[in-house]
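J.: Put together the whole structure using the sequences plus the hints.
Protein sequences, first through last, are from chains A and B.
Residue 1 is where the first sequence starts when you use the numbering used here, and the numbers rise one by one after that.
Residue 1 is where the second sequence starts when you use the numbering used here, and the numbers rise one by one after that.
Keep in mind that the hints were calculated from the coordinates and are not lab data.
Computed from a predicted model, the values in this text were never measured in an experiment.
Check each hint, because a few of them may be wrong.
It does not matter which identical chain is meant; a pair holds if it fits inside one copy or across any two.
Simulated pairs of lysine-lysine, DSBU-like, Cα-Cα distance not exceeding 30 Å [said to hold, decoys possible]:
1) Lys116 to Lys316
2) Lys129 to Lys94
3) Lys98 to Lys280
4) Lys288 to Lys87
5) Lys316 to Lys288
6) Lys212 to Lys116
7) Lys116 to Lys98
8) Lys73 to Lys212
9) Lys87 to Lys129
10) Lys116 to Lys129
11) Lys98 to Lys316
Number of protein chains: 2
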Amino acid sequence: MSVSRTVRLMANAPGMDAIVITNDGEPFLDSSFWYVTEQNSGCFEDSFAIIRADGSMDVLVNILEEETARTGKGNVLVYHDRAELEKYFRESLKGCHKIGFNTHSATYGQVQGILKMAGGVRDVADAGKAIAATEAVKDAREIAAIRRACTISSTVAKELPDYLAEGVSEREVAARMDARMRELGGTGNAFDTIAAFGPDSSQPHCMPGDYKLKQGDTALFDFGTKYDRYCSDMTRTVFLGQPSEQMKRMYEVVRQAQLAGIDEYHDGADAASADLAARKLIDASEFKGRFIHSFGHGIGMDIHQPIYVSPRSQQKLAAGNVVSAEPGVYLPGIGGVRIEDTVLITKDGCERLTSFPHELTVV
Amino acid sequence: MSVSRTVRLMANAPGMDAIVITNDGEPFLDSSFWYVTEQNSGCFEDSFAIIRADGSMDVLVNILEEETARTGKGNVLVYHDRAELEKYFRESLKGCHKIGFNTHSATYGQVQGILKMAGGVRDVADAGKAIAATEAVKDAREIAAIRRACTISSTVAKELPDYLAEGVSEREVAARMDARMRELGGTGNAFDTIAAFGPDSSQPHCMPGDYKLKQGDTALFDFGTKYDRYCSDMTRTVFLGQPSEQMKRMYEVVRQAQLAGIDEYHDGADAASADLAARKLIDASEFKGRFIHSFGHGIGMDIHQPIYVSPRSQQKLAAGNVVSAEPGVYLPGIGGVRIEDTVLITKDGCERLTSFPHELTVV
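T.: Spelled out as structure tokens, the structure:
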């Protein structure tokens, strides 16, 4: 039998007597709650998972979540009011002094409230790294879910040229992409779809608006779906009619940069290597300094998980990590190109989980 | 000229020298950031709005957000690294001792990180109530956006019977609803659509699964869309074929409870009154004790804003508030009924912004 997630988590958290994972209301929910309880349903607002050093776990939920909670792991305790919640916290954390929180997802109010409810003297520890380290290595079930999400969004990526014609708006294409991902079995967007045409494509985080596609425009799409709570993430850039020589060259530089970065992806590699390889190639071109973000990030139940594929990253990659590979070049007022795949790190190298034609596509 | 949002905010925050609104990464974004900057685009990860007592505002963003940030309010400061961010924090918070945070959205890590960057001795104050009070009263532009979101989801609510037939799954209907809301101009789900058939309908927060609709089943749908970042929220419960006498009676009790609650909605009313009126009616029926949540909540850019229409609420309603009206009755293993509208509080009473046939609907 494989070691349970909670036991692995606590092995990554030496010195902590317990880890408390908290969910406030939507959108302040922590995907780690679903990770440790090993289920994929439920809202779990105002719910808490308390994992003690031995890996045992209490799951505190209100009555709205009771039925769903019982389908997951952990000892489910249903509270009916604040006093009962307080009682459960005191009991669950009995003898625990150093309490880890996911301080990058738990709200300030939640942490303060739990410390008050638990009473006694407690030390707050940052369990973020322990949680990230545990979640970074995906198991077979998780990889299967991500693979399915990637297959769904890849289908849409391949269909994209069919959605484009002069006069169609960013908003219309984004809506069609989202609907199609749902139709193909996706359970919802992994994040708000980016569809950016013409000069809008130079804003890496542009939201789709009323801009209508014109001949010669760049059309950049960054999107992903969820499947069983797991995300895919990909970017395809295409052109309506012949692009300028500058944009053609930009596309080729970004494409080569992605290949150079992906070449560095393997078990045991420095995460920074992939970024630096891609950046070196871009900075040796006329687009020097125009790659203004990182090469990649971790992907899981959250679209951004804390694996940083950036120039200064100190992390090492391991088999089972799932990361993006997304170099880009942006010229304000002119346009941008980004090419992105979701990639699984393997023992021998890596595997792209997304697929679409990477060569220059003119619609 | 009307008083700016930041001036109104600080008037609600006596004693605070500044309020810092923080965005971490997706999904830990605070809609208040978009509220104070008065824009509806951008991702604004790792971005901060600093509002001083006089209502002046600095907006700290990284280079990815620069172009978008400049389309909104506030003095935009672009940081290129941590050292520069730290410098801006020190300068923006010069002379400010009592710093308000939205402690129910700012993460513990963000608050600690900002205090460290700002340096000096600072007091943390909870600005949550000040922000909530400011955002609770919607202006004409906000109401127009909510009204549009409500019109979109109401169209889907009216079409719902056409989506239903024996053998269709919860997941399929939810996907169709979501696609249709997008097609009608919605910019994304306000929350994950709930579609719960038969016994699943007794779980108030059930996520759509593979259950297939059968004759005699209850079909409960809780859904909403966003438009210009603002949400709609509504629930319609219908039946495939004749329901049992018990379910018919349940439907009628919930329908009457909603009317009783909505009758209490007006400027100056105690928020608790609406809940108590609905609850009294349900508790006088054979479904006593089966209304296991609150009657309503505030609605805005977040699907749950802190107006609590619950038995113990101490809040008063005011013209310009937008709240849900959503009584429900749940019998585990049998089924549940919930009926919900989005409602605008007005000077004289209230106005339902959502619309659909409220009488018992047998498909």
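J.: Any of the earlier hints contradicted here, and which numbers?
T.: Per hint list: 3, 6 violated.
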